[in-house]
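Asker: Since the structure of chain D is provided, determine the placement of chain B on it from the hints.
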Amino acid sequence: MTTYYSEEHEWITVEGETATLGITQHAADQLGEIVFCEQKEVGDTFDKAEEIGVIESVKAASEIYAPLDGEVIEANPALEENPGALNENPEGEAWIYKIKLTDAAQLEDLMDLDGYKAFIG
Amino acid sequence: MMTDAPKRTPLYDLHVELGGKMVDFAGWEMPVQYPMGIMGEHKQCREKAGLFDVSHMGQVILKGADIAAKLETIAPSAFTTLKEGKARYTFFTNDAGGIMDDLIVSNAGDHFFVVVNASMRHQDIPHMAKHLDGVEVIEIFDRALVAVQGPAAEAVVGDLCPAARDMKFMETIVADIMGVECRLSRLGYTGEDGYEISIPEDKAVEITRALLAHEDCAPAGLGARDSLRLEAGLCLYGNDIDNDTTPVEAALTWAMQKRRREEGGFPGAARIQKELAEGAARKLVGIKPTGRAPARQGVEVQSPEGETIGMITSGGFGPTVGGPVAMGYVATEQAAPGQAVNLIIRGKAQPAEIVALPFVTQNYKR
Numbered sequence: 001m002t003t004y005y006s007e008e009h010e011w012i013t014v015e016g017e018t019a020t021l022g023i024t025q026h027a028a029d030q031l032g033e034i035v036f037c038e039q040k041e042v043g044d045t046f047d048k049a050e051e052i053g054v055i056e057s058v059k060a061a062s063e064i065y066a067p068l069d070g071e072v073i074e075a076n077p078a079l080e081e082n083p084g085a086l087n088e089n090p091e092g093e094a095w096i097y098k099i100k101l102t103d104a105a106q107l108e109d110l111m112d113l114d115g116y117k118a119f120i121g
Numbered sequence: 122m123m124t125d126a127p128k129r130t131p132l133y134d135l136h137v138e139l140g141g142k143m144v145d146f147a148g149w150e151m152p153v154q155y156p157m158g159i160m161g162e163h164k165q166c167r168e169k170a171g172l173f174d175v176s177h178m179g180q181v182i183l184k185g186a187d188i189a190a191k192l193e194t195i196a197p198s199a200f201t202t203l204k205e206g207k208a209r210y211t212f213f214t215n216d217a218g219g220i221m222d223d224l225i226v227s228n229a230g231d232h233f234f235v236v237v238n239a240s241m242r243h244q245d246i247p248h249m250a251k252h253l254d255g256v257e258v259i260e261i262f263d264r265a266l267v268a269v270q271g272p273a274a275e276a277v278v279g280d281l282c283p284a285a286r287d288m289k290f291m292e293t294i295v296a297d298i299m300g301v302e303c304r305l306s307r308l309g310y311t312g313e314d315g316y317e318i319s320i321p322e323d324k325a326v327e328i329t330r331a332l333l334a335h336e337d338c339a340p341a342g343l344g345a346r347d348s349l350r351l352e353a354g355l356c357l358y359g360n361d362i363d364n365d366t367t368p369v370e371a372a373l374t375w376a377m378q379k380r381r382r383e384e385g386g387f388p389g390a391a392r393i394q395k396e397l398a399e400g401a402a403r404k405l406v407g408i409k410p411t412g413r414a415p416a417r418q419g420v421e422v423q424s425p426e427g428e429t430i431g432m433i434t435s436g437g438f439g440p441t442v443g444g445p446v447a448m449g450y451v452a453t454e455q456a457a458p459g460q461a462v463n464l465i466i467r468g469k470a471q472p473a474e475i476v477a478l479p480f481v482t483q484n485y486k487r
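Protein sequences appear in the order of chains D and B. If you read the first sequence in the working numbering, its first letter stands for residue 1, the second for the next number, and so on. If you read the second sequence in the working numbering, its first letter stands for residue 122, the second for the next number, and so on.
Chain B extracted, bound-state conformation:
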């Protein structure tokens, strides 16, 4: 599949100039960290602002009639009630009720704007083209996507674009930045306040440099992005959610509005509605190791009696927490916060506790 040379975003040269350590991620050459290091970049983002290149994600424009209603046939969120200028987290489901990908859908007035995972672009674009009858599905290749995340994000972005200051969480606007039209959306993947800014590629470096020129803004790589989202309890597609996990198991039913839960009408509705009514056999939970050893993806979770009850799907060191943090699926009857479990790390049982997600309080601009 990935035999092609890795692709580069419009910011590639800037990453190298800034000392970014480049790695292959989903077929893209991306910075995993800069000289500041993952720990420093993580804290920078929690305390000030971090800037991430997320241009590898798929930006898609949907044009045509009745897009909202058509989207509701492939995703279980409400779109017909999504107002212009608003964004919504959602996911495509398969016929078995599993999650094909998670994504952000925005109502941009005369069109819809969609951002999908880099690793799932090849699936999602044809999926939308096939199922959104009469809708033009236009994948955008000539725009960068830059995320500015952290408590100082409003100051950093607001300096270049005053309109950004007036936005609230999950709002999206088109606004001028340094003479070009950009799309700003007040959301992100770190648990912090912040923006994702879609920028025409020929101005991407110039605007990114201007954002980084703010004293409270520094570049951050994929390493910090992962530890930030993990502490914030946000799912990573391919780790925590995939074709074999349902929204009920993944505790994502908040993204399914009441009407959709009741009416169904999306792929896998039979299973998902059954689980909504009766509960699922397993549940995605936070897991806090008691000791210092990080528990990573694939680590087995056992009950104190030694019975296998689940598996870690994401885990590592949480710089803000100051210790290891993890997420994983466990049997629902043993998924209550406070439940003691053991994690089998390199053959040894290490004590841990089920905890409520997120590990750090989300800091959104409501």
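Just chain D, same shape as in the assembly:
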């Protein structure tokens, strides 16, 4: 189980051919109080850099961009009732998707935790 990070402030934890994806605590802190999360549906496929959801805070709407190609196999249902969980525990229970990886080689373009920490300064 390895966790990777994107420059769009997502984390992705890989287990075999599937992975769990969410936003980082840093991203959640920057967004402010989150009131809504729009998710794609199970079975939707997407390409790297494609918009795969929207997070709305009290301030503004922010898109979530796919860090790699994949297919949604589960969208966290808890976020509909409790979007505020994305502020509380975005790297844990408030994951956004479970996905199937289409091209595992794309993981090499992502950062590890140390790289991400350096990236956000």
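Worth flagging that the hints you see were computed from the coordinates, not collected in a lab. Hints may be right or wrong, so weigh each one.
Think about it this way: if two alpha-carbon atoms lie no more than 25 Å apart in a straight line, the pair counts; the simulated DMTMM-like pairs of lysine to aspartate or glutamate are [what the hints assert, rightly or not]:
{"#": "1", "chain 1": "D", "residue 1": "Lys98", "chain 2": "D", "residue 2": "Glu71"}
{"#": "2", "chain 1": "B", "residue 1": "Lys469", "chain 2": "D", "residue 2": "Glu41"}
{"#": "3", "chain 1": "D", "residue 1": "Lys40", "chain 2": "B", "residue 2": "Glu396"}
{"#": "4", "chain 1": "B", "residue 1": "Lys469", "chain 2": "D", "residue 2": "Glu50"}
Away from chain D, derived, C-beta distances all over 10 Å, residues of chain B [claimed, not checked]:
{"#": "5", "residue": "Val153"}
{"#": "6", "residue": "Ala239"}
{"#": "7", "residue": "Val295"}
Here a beta-carbon is modelled for each residue, glycine too, at the ideal position from N, C-alpha and C.
Answerer: Structure of chain B alone, referenced to chain D:
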């Protein structure tokens, strides 16, 4: 236009000290929120008291003869009957009946006191100077403006200024606070009871600290100010009203007293009086999304049949309502409360309903 470095109010250093997140707003570096967060600051203001720095707004003194009558030539409210010590909400209209800016005009006895939007100072000052013949238009640069808003505002301000307790909504006085003369006006932009206090800049920090020292008072930023005014159904200039919207469309005719509606004599009177008589083609209404997705400015409003009938002009999350709230213009025949509409958010139709404004009951000290 805005190439200059952003300006700072006399309270800038205090905002930074209090952890304010500073953003550029209309050319001013202002706090959008403090560590409490927009949601917390919003609730603080509904339940206790929030303190806002609104020093970026334009404070103007008008001096001369017959100011009230002259103001009536550029704004459609009644000023000749505005008693000393009273404030009134109004707007400047253009020749097409659109709204150039909204503002507060107070009769201060030997002069009139006017507060205009920060973003429209550059327009309003020359506009008044040009049209108020023989009136001295003095823009004030050496006073802060601090708003204390919420059910505890009377206790917070009254502790420092007992005279504030006796004021009623839309009254204005000059009173001593900590040894300096301040102007207090019992009004605001949140739907709550409260005051706006004009303070000489060299005492602004000291008095603001004293107000914040009250256990029921906490600083609040522009973020909470916007969600509070939206829930209260109060227009934001540039969003909900502008040069292309009339007072009839914007449902602001309550600010035009009977004599003015009948007599006219203000810019755009022909169109506005026609709309008063016959109704306008569109109307500003409250719009409540049924789901949880906020509908923001620019979102298209459709009838259930899929026909475009209007647009959202302000929208977001209402912390007191506990869900999304919005305002916008829709075709008058589909503007009745209860009307079902669809909002096109990111290409998808989301159900919503036309509702009466405000979203939360206004809590003024009448």
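Asker: Next step is simple, just say for each hint if it's right about the structure.
Answerer: Outcome of the hint check:
1. The hinted pair formed by Lys98 (chain D) and Glu71 (chain D) meets the criterion: a straight-line CA distance of about 9 Å does not exceed 25 Å.
2. Of the supplied pair hints, the one linking Lys469 (chain B) and Glu41 (chain D) holds, its CA atoms being roughly 14 Å apart against a limit of 25 Å.
3. Note on Lys40 (chain D) and Glu396 (chain B): the hinted pairing is violated, with a Cα-Cα distance of about 46 Å set against a maximum of 25 Å.
4. Taken as a hint, the Lys469 (chain B) and Glu50 (chain D) pair is honoured in the structure, with Cα atoms around 18 Å apart against an allowance of 25 Å.
5. With a minimum CB-CB distance of about 7 Å to chain D, Val153 (chain B) fails to clear the 10 Å threshold, and the non-interface call is violated.
6. For Ala239 (chain B), the shortest C-beta to C-beta distance to chain D comes to about 19 Å, beyond the 10 Å cut-off, and the non-interface label holds.
7. Distance to chain D confirms Val295 (chain B) as a non-interface residue, since its nearest Cβ pair spans about 37 Å, more than 10 Å.
Consistency note: the structure conflicts with the earlier hints numbered 3, 5.
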